[in-house]
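2 protein chains.
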Amino acid sequence: MAVYTEVTDEALASFLANYDLGKVLSFKGIAGGVENTNYLLRTDKDTYILTLYEKRVAEADLPFFIGLMDHLAHRGFACPQPIRNRNGNALGHLEGRPAAIISFLEGMEISHPTPDHCFMAGVTMANMHQKAQGFSIERPNALDPSGWPDLVESSRARADTVEPGMEELITSELVFAQQNWPAQIPHGVIHADMFKDNVFFLDGQLSGVIDFYFACNDYLAYDIAVGINAWCFDDDYRFDQRACSQLLKGYQSIRPLEAAELAALLVLARGAALRFLLTRLNDWLNVPEGAFVVPHDPKAFSARLKFFRQSGSTVFDIA
Amino acid sequence: MAVYTEVTDEALASFLANYDLGKVLSFKGIAGGVENTNYLLRTDKDTYILTLYEKRVAEADLPFFIGLMDHLAHRGFACPQPIRNRNGNALGHLEGRPAAIISFLEGMEISHPTPDHCFMAGVTMANMHQKAQGFSIERPNALDPSGWPDLVESSRARADTVEPGMEELITSELVFAQQNWPAQIPHGVIHADMFKDNVFFLDGQLSGVIDFYFACNDYLAYDIAVGINAWCFDDDYRFDQRACSQLLKGYQSIRPLEAAELAALLVLARGAALRFLLTRLNDWLNVPEGAFVVPHDPKAFSARLKFFRQSGSTVFDIA
Chain U
1 MAVYTEVTDE ALASFLANYD LGKVLSFKGI AGGVENTNYL LRTDKDTYIL
51 TLYEKRVAEA DLPFFIGLMD HLAHRGFACP QPIRNRNGNA LGHLEGRPAA
101 IISFLEGMEI SHPTPDHCFM AGVTMANMHQ KAQGFSIERP NALDPSGWPD
151 LVESSRARAD TVEPGMEELI TSELVFAQQN WPAQIPHGVI HADMFKDNVF
201 FLDGQLSGVI DFYFACNDYL AYDIAVGINA WCFDDDYRFD QRACSQLLKG
251 YQSIRPLEAA ELAALLVLAR GAALRFLLTR LNDWLNVPEG AFVVPHDPKA
301 FSARLKFFRQ SGSTVFDIA
Chain Y
1 MAVYTEVTDE ALASFLANYD LGKVLSFKGI AGGVENTNYL LRTDKDTYIL
51 TLYEKRVAEA DLPFFIGLMD HLAHRGFACP QPIRNRNGNA LGHLEGRPAA
101 IISFLEGMEI SHPTPDHCFM AGVTMANMHQ KAQGFSIERP NALDPSGWPD
151 LVESSRARAD TVEPGMEELI TSELVFAQQN WPAQIPHGVI HADMFKDNVF
201 FLDGQLSGVI DFYFACNDYL AYDIAVGINA WCFDDDYRFD QRACSQLLKG
251 YQSIRPLEAA ELAALLVLAR GAALRFLLTR LNDWLNVPEG AFVVPHDPKA
301 FSARLKFFRQ SGSTVFDIA
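Just so you know, the sequences run in chain order U and Y.
Quick note on my numbering: the first sequence kicks off at 1 and runs consecutively.
Quick note on my numbering: the second sequence kicks off at 1 and runs consecutively.
Simulated from the structure, these hints should not be mistaken for lab results.
Be aware that a few hints might be false.
It does not matter which identical chain is meant; a pair holds if it fits inside one copy or across any two.
[To be verified] Derived lysine-lysine pairs resembling DSS-like cross-links, with alpha carbons at most 25 Å apart:
(1) K196 - K23
(2) K45 - K299
(3) K28 - K249
(4) K306 - K196
(5) K131 - K196
(6) K131 - K55
(7) K306 - K55
(8) K55 - K45
(9) K196 - K299
(10) K45 - K28
(11) K249 - K131
(12) K23 - K45
(13) K55 - K23
(14) K28 - K55
(15) K28 - K196
(16) K131 - K299
(17) K196 - K249
Predicted, not measured: the structure shown is a model, and the values here were computed from it.
Turn these sequences into a full structure, and let the hints steer you where they fit.
Have a look at this one:
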């Protein structure tokens, strides 16, 4: 079971008594979700996701996450809509955890996106950046370069047990990022984790984006750099120039990038690869006893990082 | 994630091409399921469960499990209905695993059943026993007393590390069961795992039974003995006489027990407690590295076993 917190039928009934969601037809724990416990809730009105927020999510951040989904959904962005209870609150408590109900989003992850899918992902990311404007809460990115030294320190001693040369890679890339990180490029609310499993497609069209629990304020182009890491490498970690070109084209069809953003993209892509390498490396080296989760392989991101390190910024030229 | 086998969208599309289930709207791995990988599949026609059978389930047993659900569902028993593909097969292969699609059953597990719920569980078990008659495949119970010596041997040396006195308990109870196991009481197809999580309720009524992957041919009264272990103890492992009385009344409202079955019930209840104690103990002592599953506490069943050991058979008197 990937359910971290069990919910009894009595606790569920008591929680739902304050909502107008109809009669419960079924309630099933969903696999996946490293951070939280998710249940699929079906009622005679509709289908919902009920999320219990576990320790890895700071309760103080929840108004940002829930508020952002609400802000975006109300502006027509295809993402889960937080459901308010009769008191107007979208955030409550269940089984001792903060809990929220959000609408269910149809669609499926694409395992092997084509350049067309990447174009749509780029369009959608730019739409999200634009529609997030005016959202009133701010949340700094805890995993920007200022957060990386701790992750390097906690993993460097054992890094080479995962892959030879890993310690040199993370320590030198940290220095590189610190020395070359851009200043004064456009910033705003970013998703910061728009990987393939968080983007759904239906009938070949992008149907929505989920999982805003890494969303934060940062450079908009950093989100693109995450997206390039997420969407533009194949199963063997080889860069896909066409996918990248289409992602950038899609994004720029909505919001053209400034020259300074394009110039910073390679540094940001190396930084994004380093960020996911570091969290994966820490998870890999510190799998807790009785863990529910198989950690992701850090080598997927050392490979990306090495690619960006040797590539020129021409990889981001739009063909 | 509790998903043991990931299914790509391409593999799913290829598998479903041979079914008439409509357009896929979503596909989510379900938490839970120690033995198998389960996905919730929603299409524009209906909702289904897609199961991939993992190593712990013998492929040779699948025609029994699938055939039994089919047999029962066609006789009006509320259980999942296996879905046949265009070739008439309900069993196929997906991602290198045997796989089947079954209908989705609405309802929810009751965390704390009342005696009324126990009555309904008894009724439903008896209905299952009757409707299973005429099912043509046989499957011996691998976890009857002949299967217990191996489980005792593989756990006895470390049993007392789980609970003092555990080794004496399992070794002496094994001997007791072997010497007192009944002969020549009615047998047939039993569920053998009708725990609370496998029985759904909706609007206070029993809506169906799931998970037939321990079903087998054995004494019908042994299924009742499993049910008493499953339904008639509270969270503190205290026996609930009224719950037990109602479960037996419910069962006998459909199929009255013979005198020999009633006389054997205490031995069978001790045996059922020992069977779940032994498998839980083995799972507890042998949690594999990187396990997805938190093993169930064996002490829940040593407590039941000790209760039955000291109780007289009057605990099964129907008040």
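Hints, one by one, checked against the model:
no.	hint	verdict
1	K196 - K23	between (33 Å within a copy, 21 Å between copies)
2	K45 - K299	neither (45 Å within a copy, 41 Å between copies)
3	K28 - K249	neither (40 Å within a copy, 31 Å between copies)
4	K306 - K196	within (21 Å within a copy, 52 Å between copies)
5	K131 - K196	within (21 Å within a copy, 46 Å between copies)
6	K131 - K55	neither (30 Å within a copy, 48 Å between copies)
7	K306 - K55	neither (33 Å within a copy, 38 Å between copies)
8	K55 - K45	neither (31 Å within a copy, 38 Å between copies)
9	K196 - K299	within (18 Å within a copy, 43 Å between copies)
10	K45 - K28	both (17 Å within a copy, 20 Å between copies)
11	K249 - K131	within (19 Å within a copy, 62 Å between copies)
12	K23 - K45	both (8 Å within a copy, 21 Å between copies)
13	K55 - K23	neither (30 Å within a copy, 38 Å between copies)
14	K28 - K55	both (21 Å within a copy, 24 Å between copies)
15	K28 - K196	both (23 Å within a copy, 14 Å between copies)
16	K131 - K299	neither (35 Å within a copy, 54 Å between copies)
17	K196 - K249	within (18 Å within a copy, 54 Å between copies)
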